[in-house]
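Keeping the supplied structure of chain U fixed, place chains F and P upon it in accordance with the hints.
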Amino acid sequence: MAIATAPRVKTPLRTSVGLKVLMAVTGILLVLFLVAHMLGNLKIFVGAESFDHYAHWLRDIGTPLLPHTWYLWIQRGGLVIAVIAHIWSATVLAMRARAARPVRYAHRGKVQGSYAARTMRWGGVIILLFVIYHILDLTTGHLNPVADKQHPYANVVADFAPGRWYVTLFYTLAILAIGFHLRHGIYSALRTLGQQTKRGERRNRAIALGVAVVLCVGYLAVPFAVLTGLVS
Amino acid sequence: MNLTLRVWRQQGPQDKGRMVSYQVTDVSPDMSFLEMLDMLNERLTLEGEEPVAFDHDCREGICGACSMVINGTPHGPQKLTTTCQLHMRTFKDGDTIDIEPWRAKAFPVVKDLVVDRGAFDKIIQAGGFISAPTGAAPEAHAAPVPKVDADAAFDAATCIGCGACVAACPNGSGMLFTAAKITHLGLMPQGQPERDSRVVNMIAAHDEAGFGGCTNAGECTEVCPKGIPLTTIGRLNRDFIKASTKRP
Amino acid sequence: MTLYNEGEPIRDAKAPDGSIETRWERRRFSAKLVNPANKRKMTVIVVGTGLAGGSAAATLGELGYHVKSYCYQDSPRRAHSIAAQGGINAAKNYRNDGDSVYRLFYDTVKGGDFRARESNVHRLAEVSVNIIDQAVAQGVPFAREYGGLLDTRSFGGTQVSRTFYARGQTGQQLLLGAYQALERQIAAGNVEMNARHEMLELIIVDGRARGIVVRDMITGEITTEFADAVVLASGGYGNVFFLSTNAKGCNVTATWRAHRKGALFANPCYTQIHPTCIPQSGDHQSKLTLMSESLRNDGRVWVPKRAEDCGKPAADIPEEDRDYYLERIYPAFGNLVPRDIASRAAKNVCDEGRGVGPGGLGVYLDFADAIKRLGRPAVEAKYGNLFEMYERITGEDPYEVPMRIYPAVHYTMGGLWVDYDLQSTIPGLFVIGEANFSDHGANRLGASALMQGLADGYFVLPNTIGDYLAAGPFEKVDGAHPAAVEARAQVEDRIAKLLSINGDRTVDSFHRELGHIMWEYCGMERTEAGLTKAIELIRNLRDEFWQRVRVLGDGEGLNQALERAGRVADFFELAELMCIDALHREESCGGHFRAESQTPDGEAQRDDERFSYVAAWEFNGAGEPPVLHKEDLIFEYVHPSQRSYK
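Protein chains in written order, with full-length UniProt numbering: chain U, 1 to 232; chain F, 1 to 248; chain P, 1 to 646.
The shape of chain U in the complex, shown without the other chains (with noise of 0.2 Å):
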């Protein structure tokens, strides 16, 4: 008997493949962000002025087309979503490993792939919590010793300072685990966006760790600037 060719699956995005394609796009889109927040940070080298200015600007871009601080709203609301949809994927996927192992291995294996994957469930629950008290001291301040709104020079000088040595090693350690979790996670995200070749396997891990590493001494740097004395 000839057999029709069997109907397709009606919902691509909830199986394991499409929710890894959600994660890998959401992922990219903040990274991207990543990027753009490390380039604004590094102007704090350039000076107060400049760094306050900078910061003032966010809430003008689109301007006069976009009333003041819509587009900053906009960006806000976008990444929220990103980073909620990056989650539910992985938690629904998480679930999903978890349940397709019901019973562990008495004897546990050497980890003979890559160690950076072994880490991104755990590791993003740090970056998580990270960013909600990032948010909580220098975006809303209600945990910046300073929190002046109209000067967060000052903010990020106050947050750094020697004394507050607990805040830098918090920060770092969360840096570095954004770093490995980027290292497996934008290789991981450009394969299952598809890249098939063992060249670009090359490739796409080179450019993994050159952006994780980037983004880590990016963001190391301001605060250890501020340790240090170089930015006061």
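Hints may contain errors.
[To be verified] Short derived list, chain F residues pointing at chain U, Cβ under 7 Å: (1) D98; (2) R103; (3) A217; (4) G218; (5) F240.
To be clear, the hints were calculated from the coordinates, so they are not data collected in a lab.
Every residue gets a Cβ at the ideal spot worked out from N, C-alpha and C, and that includes glycine.
Frame of chain U; chains F and P shown alone:
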């Protein structure tokens, strides 16, 4: 050689199961791993204990039946080698060796080291074929296939369906197995007409069977006795994205 | 005591007569067709999912029959066809080197040493071309040339390049093609797949094969299954030798049970022994691994001239103390003599005490000259994967020390007797692939087993079974039928008996001992005295088996020892028949050498006057002498000639 084995014993699917220790003595380094277990089983039988059940058949690394996690690694420490082709010279006198079955929801334990891998057949049923009823075939030379494609298709087609990829994957994912078939058939001109429905349906069957998703951790390819590369998964992803964004 | 009695000869194998080129076409036309609406009402049981069984089940499913398929493995994809390495012959003549259907037919009849049926072999050659088309359409990744067309090579000593291959894994790729076609039919609901089910008995109702008794190997449940026809595709019986290149699970039970129920067993003594296997490394050996015969193209075979040198490392034996015996005895063919000759020569030098390696059971296959002549990279490119495999198994590097090889049982040409339609002597029982006595005569050519399996499954059986089924659907039968009740009781009794003995020897220890007897007396070289002794030894061992075997556990779940015990029990009965067949065939022919029948210079001497027939054996009750039925072989096209390789 004298060895201590710790073997997973489980009477049946409902039994809880546990690791049981056995001493084996006078193991020849020329024995295959399975021959070492044969020896243990001969002794257990004579001692009145039921022998350890394990899957095996061809014992030459091609049927894909043998399936043991040896010291935490599917098929044991030697790369590109199935358990049946693993020889005891890989181990040292006095070693303790842990032997466990494949662990995955989709591969329930039947007894001791034997699991049910029927889920793989289900994935193939969903689309891992080219619909070419007997007798309908055109002349073999009607569709030339570039040698590079034919070779790459062959490389993917060497998958023996043993399930080591699933056993090694931290997510219990069967993606490498699925991707190998997608790659094999997708590289052949004969495989094009069903390419879209194949990938979407096979992934649906894969998820349905209870396998986890892929996070590109790469453990699968490390333990694959046939060295199926991770790049096949990229190909599967690309085919999937293409197929699911196309208008029907 | 008489070992056998002679019965009526078989007069008609049902092949059409007339021109051989059109026999198959005429048979297909004369075969009755089954109304498509009726196909849906008919069930066919297929036992085994290798190349023959897998392709047959898929094709019958496509045709519209309801198919019930059984295999003992956990998936149909693991059938042992998967291990075939070399390739598959087809008379495509893509090389323009003079190949044709007729030449493939001719070579195969000659290769079988004139013990195969001309009609069957011609049909095989005809459909060989369709097999390649079919496999390519399924996406089988055959080796290709840069132009994108299929590559072929010459294989097994043929003069034309007609062997299609997929690196060293042709069997795997062809089987996966058939498996995928089968899975497609399973998904469509046309085939009901029962993996990990073992056929343990045949059910015959009113003279027709109507069903089988199977044991679910996971739950231990024994059920009776019914159909309008039963197809056996359960492979060969090489494991009667314990050590062979067969998979551990390969067994004779399905065909032997059918034989006990009345199907004739033809040419059981025809076994093929492959010369280039990795020798056993000790008594623990559980199976032997084949290495491609192509190794003999560049390797030189030798043993020390003196037995006392055998313990020395090969490098310490100077050139003048080495005996390149194949080159010495067969100067024209040298290391490339056919399989049977190379195998027997190896056994002879080892019997003289000049074998090398553990137990003195091995000869060197030396690549030193090839490496010197071609350079290591060239040798690596040609044989790299084989060398790796050898090193993985033996722990020796063949680039540095010569390989050791020894012959091993590889294929069994004998099997259940079938007519031209592949139907056994039990109506409704069809037998395909290695399980039937096949088209290979007394010796099989390289790359023709895959061809025969697929020819039977894809093209022959689906056409011929219709002629039988056209008279169906047959009257419904269920488990309450006395024949079914009886068959089921037989199975249950046997299992209960095996479990109840609780003796002091393991199943494997018996199997190993049986294998020793068979290899020693019914292997490559046979003598009247040896075979007579073997029959005695087998009978004694079988009696001992039924008193001393120990099978633990119960029949209620997975019990691998119980499975093996049942298979070994059947091997005992088969082994005796093999020896009787070998004993009665007082000629050297094809893969086997009868010491009493040799030319003055020690070569095989065929005896066409007395033995140009198929020996089909009828079971006559346990412990009773079997009855021999002869089917005369008539050669109208290819005239028998004596082989010579000197």
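Need the list of violated hint numbers for this structure, in ascending order. The structure conflicts with no hint, since it agrees with every one listed earlier.
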